[in-house]
Amino acid sequence: DAGITQSPRHKVTETGTPVTLRCHQTENHRYMYWYRQDPGHGLRLIHYSYGVKDTDKGEVSDGYSVSRSKTEDFLLTLESATSSQTSVYFCAISGGSTWGAGELFFGEGSRLTVL
Amino acid sequence: AQSVTQLGSHVSVSEGALVLLRCNYSSSVPPYLFWYVQYPNQGLQLLLKYTTGATLVKGINGFEAEFKKSETSFHLTKPSAHMSDAAEYFCAVSESGGGNKLTFGTGTQLKVEL
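Same order as they appear, the protein sequences are chains S and F.
Using this note's numbering, the first residue of the first sequence is number 1, and each one after it goes up by one.
Using this note's numbering, the first residue of the second sequence is number 1, and each one after it goes up by one.
Calculated from the structure, these hints are not laboratory results.
Some hints here could point you the wrong way.
Incomplete in silico selection of chain F near chain S, CB under 7 Å [unchecked claim]:
id	residue
1	PRO40
2	GLY43
3	LEU44
4	LEU46
5	PHE104
6	THR106
7	GLY107
Glycine is no exception: its CB is placed at the ideal position from the N, C-alpha and C atoms.
With the hints as extra help, turn the sequences into a complete structure.
So this is what it looks like as structure tokens:
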């Protein structure tokens with residue numbers, strides 16, 4: 001299995017507080033992604049990165065920011081959490097030499113509850 | 001813009017019966033197509049993918065899917081369902097050369113009954 005870990009795995013926070021989720025990979029892959037999963041919506045792309053300090057927005061980026069200062073780490077920050085950001089967040093990676101085009105490997109998810 | 005439509009948010013089959021999960025896509029360029037499976041409290045795992053070449057692709061656990069360009073479909077099938085197949089299944093599309101960004105469908109929950 002590819003080495004990808006997310007932290008924290010579970011978090012409960014209050015509206016208005018900042019939250020940072022971390023994704024760490026040991027595969028040296030180029031691409032990293034943050035998705036959120038909500039019932040009835042499937043997975044929706046928040047932000048993605050195609051290299052160190054190279055990031056771009058996905059379809060649901062409002063209220064989120066990301067940073068990638070090292071190949072192995074991709075951080076997702078909610079500057080001021082809202083109840084609509086209660087969700088399960090998945091990090092994914094791709095781009096290894098053994099993988100095909102577009103194939104993603106997912107972390108186990110981070111469940112965030114905003115009260 | 002690319003998109004995916006999965007018909008049926010819940011599908012129930014008997015053990016041993018045919019599994020058919022439907023996926024239609026929209027893409028302005030030749031697509032790459034994927035099926036992922038998610039077991040409870042886990043991340044997604046790749047079942048199979050179509051990029052180029054043979055339109056019938058085989059994946060893990062006996063699943064297969066056929067790319068039909070004329071129907072813009074990529075339906076997932078398995079001849080005989082097993083209890084262990086109960087999970088949520090996601091169809092996804094990415095555009096060739098699109099930087100590996102996947103757009104997912106809303107998912108189909110498969111229930112397998114005795």
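Comparing the hints with the structure gives:
| no. | hint | result |
| --- | --- | --- |
| 1 | PRO40 | violated, 11 Å |
| 2 | GLY43 | holds, 3 Å |
| 3 | LEU44 | holds, 5 Å |
| 4 | LEU46 | holds, 6 Å |
| 5 | PHE104 | holds, 4 Å |
| 6 | THR106 | holds, 4 Å |
| 7 | GLY107 | holds, 5 Å |
Hint 1 alone, counting from the list given before, is not met by this structure.
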